[in-house]
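Colleague: Given chain E's structure and the hints, the job is docking chain S onto it.
Number of protein chains: 2
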Amino acid sequence: MLKAPDHQVAGHQAREGQLGPLVDDSGRFYKPLQNNGRGSKELAFYRSFFSDPRVPHHIRRFFPRFFGTLVVEASDGSGPQSHLVMEDLVSGLDRPSVADIKIGSRTWYPHAKEDYIAKCSKKDRETTSLTLGFRVSGLQIYDEDNEAATGGFWKQSKKQVQGFTAEDVRGTLRRFASSNPSAATAATADGEEPDCAFAAVVYGGSGGILAQLLELKAWFEEQTIFHFYSASVLLLRGNGATEAARVKLVDFAHVFEGDGVIDHNFLGGLCSLIRFISEVLCGGSDGRPHPEKSSAAENGGQGVTLSGV
Amino acid sequence: MLKAPDHQVAGHQAREGQLGPLVDDSGRFYKPLQNNGRGSKELAFYRSFFSDPRVPHHIRRFFPRFFGTLVVEASDGSGPQSHLVMEDLVSGLDRPSVADIKIGSRTWYPHAKEDYIAKCSKKDRETTSLTLGFRVSGLQIYDEDNEAATGGFWKQSKKQVQGFTAEDVRGTLRRFASSNPSAATAATADGEEPDCAFAAVVYGGSGGILAQLLELKAWFEEQTIFHFYSASVLLLRGNGATEAARVKLVDFAHVFEGDGVIDHNFLGGLCSLIRFISEVLCGGSDGRPHPEKSSAAENGGQGVTLSGV
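Each protein sequence line maps, in turn, to chains E and S.
When you line the first sequence up against the UniProt record's numbering, it's residues 1 to 309, in that order.
When you line the second sequence up against the UniProt record's numbering, it's residues 1 to 309, in that order.
Bound-form chain E, shown alone:
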């Protein structure tokens, strides 16, 4: 029996007669093949990716497993339609927290049509994509202290996440890695230290989110096979510190051949996200304070003003 996913945070949603993805109870995720060519592009990507001998095995685990296509009843009641069948990434996670982060300061690809470029550029400039190199495009964080008020999940609407500032992004990344999300946000607002011990479990350590992102980064510094436009990094974790946090890449409707060039747009954004997460990990990724931060502090917190700039 297929149903709409409980924990989808971005993209078209299967509700009120809308076309959207479905899940089954065996851990599979059914994404309708979009008609505008994006579906066939994403299908082509999945087919080539897992059979490409140039993709190292340790990198494949960052991508949802792919099981082919299947014709099933579409969620909008329009009848049978072809769906991509892949791994349901939140399956098996207890009360999952999910952040969908679209990577790249530019979501459009060279040689796209002008109206598509204009549409994407506008959104990149209106969101944090241009300035931070990424934007939050979906979010739900489990918060047991607010079970009554929020049903346990702190969610933000598409409109809300699109309006995020750099400070909102920092708050979100702290909240995502907090044992007490409401308090984390309040503490941040008060200038208090965030929940370092818990953040260290979620982001830090050899299997934490930061280590996974650094592994991806090392691949992006070398690989010239694929360029990923408008793709997202998903950060996933279950409730409690014992469940391992996961990093996954999703949304491959705009993947192009790299032609011997690295994906500098994705890599730049990924490095920026890594830098933001290192900050939440109090003391930085290597456990030492950031040199520039401590110097600024020694300097009375005084920054340098580029007068005339």
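These aren't lab readings, by the way, just hints derived from the structure by calculation.
Predicted model only: the values in this text are computed from it and were never measured.
Just so it is clear, CB atoms sit at the ideal spot from N, CA and C, and this is done for glycine as well.
Honestly, I wouldn't trust all of these hints.
[Said to hold, decoys possible] With a straight-line cut-off of 20 Å between C-alpha atoms, the simulated SDA-like cross-links for lysine to any residue are: (1) E:Lys122 to S:Pro110; (2) E:Lys122 to S:Glu279; (3) E:Lys123 to S:His111; (4) E:Lys113 to S:Ala118; (5) S:Lys122 to E:Cys120; (6) E:Lys217 to S:Glu279; (7) E:Lys113 to S:Ser121; (8) E:Lys119 to S:Arg38; (9) E:Lys119 to S:Glu279; (10) S:Lys123 to E:His7; (11) E:Lys119 to S:Lys122; (12) E:Lys122 to S:Ile117; (13) S:Lys122 to E:Ile117; (14) S:Lys217 to E:Leu214; (15) E:Lys123 to S:Ile117.
[As the list claims (entries may be wrong)] Chain S side only, calculated, beta carbon under 7 Å to chain E, not exhaustive: (16) Leu70; (17) Leu267; (18) Gly269; (19) Ser272; (20) Arg275.
Modeller: This is chain S only, laid out in the frame that chain E set:
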């Protein structure tokens, strides 16, 4: 006595009554303060950069030393004008080869005026900036075998370098690190192995260009102080393998405060340049073949086609 520089490869040139930079015979370079606000921006950058305690000492050597401003007779005959006085980067190099490489897939900054953004975007799309994350914006390579025909220097006009393809960029980087530039280009065209031993001296080794670029990259992964738009990496080397090759950053008329965010646009382009140079260094930066390259070879050189993309 001030005169026009012999080895300037990009930017306005002091000739035929034009305003341009000058050099003296003691190794100083005089850059006229531009009236349109760029001059004062560049001056503000130099003033803040060298006194900023957050900039590590080993990073300062990548920037031209700065000696202040001085009013000298402008090259265009317009009379006394204020000039930035800095280190002449080619001073002391015997028959210098110079490549001026503008870093970043985007040369415009957020909050720039629309007409400036449009002008820069157009150029970024017409050159390799958009696709490679950088573009060659000036070039001279010493070539003793062609002393008679070219006066010893292989130069390309502004128009020529703006028309460079990815393959031209590869050829240029090979030629820059070749003991025999003309042959290097011919060999490349024939699909022959380039001049690996010499390239290893120029690009490789602990003091080579690649090591210097990697040091810069490590800083850009951390630093959130400055964002460099439309700045260039200069690759410099004297004639012969014994003179150490140098990497310098220049052109700071569009430097902005980082506000706690890394310069992902510059970093992405820098990583792309590093990847290109690693390729010229036969066998890759670490002396091992690139994994994806060798796998592709084992696979009969067969790439993957993203059909439908």
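Colleague: Straight-line Cα separation of S:Lys122 and E:Ile117 no greater than 20 Å?
Modeller: holds (13 Å)
Colleague: Less than 7 Å between beta-carbons is the criterion; does S:Arg275 satisfy it with respect to chain E?
Modeller: Hint holds; S:Arg275 Cβ to chain E Cβ min 5 Å, cut 7 Å.
Colleague: Check whether the Cα positions of E:Lys217 and S:Glu279 lie no farther apart than 20 Å.
Modeller: holds (19 Å)
Colleague: Starting from S:Lys217, check that the Cα of E:Leu214 is at most 20 Å away, please.
Modeller: holds (15 Å)
Colleague: Are S:Lys122 and E:Cys120 close enough, with their CA atoms no more than 20 Å apart?
Modeller: Within the cut-off at roughly 16 Å; holds.
Colleague: Hey, E:Lys123 versus S:His111, does the alpha-carbon distance stay inside 20 Å?
Modeller: holds (14 Å)
Colleague: Holds or violated: E:Lys119 with S:Glu279, Cα cutoff 20 Å?
Modeller: Distance of about 36 Å is beyond 20 Å: violated.
Colleague: When you check the alpha-carbon spacing of S:Lys123 and E:His7, does it fall within 20 Å?
Modeller: Answer violated: S:Lys123 to E:His7 is near 43 Å, above 20 Å.
Colleague: For the pair we were handed, E:Lys113 and S:Ala118, check the Cα-Cα distance against 20 Å.
Modeller: holds (16 Å)
Colleague: Hint S:Leu267 vs chain E: min CB-CB distance below 7 Å?
Modeller: holds (5 Å)
Colleague: Given S:Leu70 was flagged as interface, is its beta-carbon under 7 Å from a beta-carbon of chain E?
Modeller: violated (18 Å)
Colleague: Does the interface hint hold: is S:Gly269 within less than 7 Å of chain E, judged Cβ to Cβ?
Modeller: Holds, about 6 Å.
The structure fails hints 2, 8, 9, 10, 16 (numbered hints given earlier, in ascending order).
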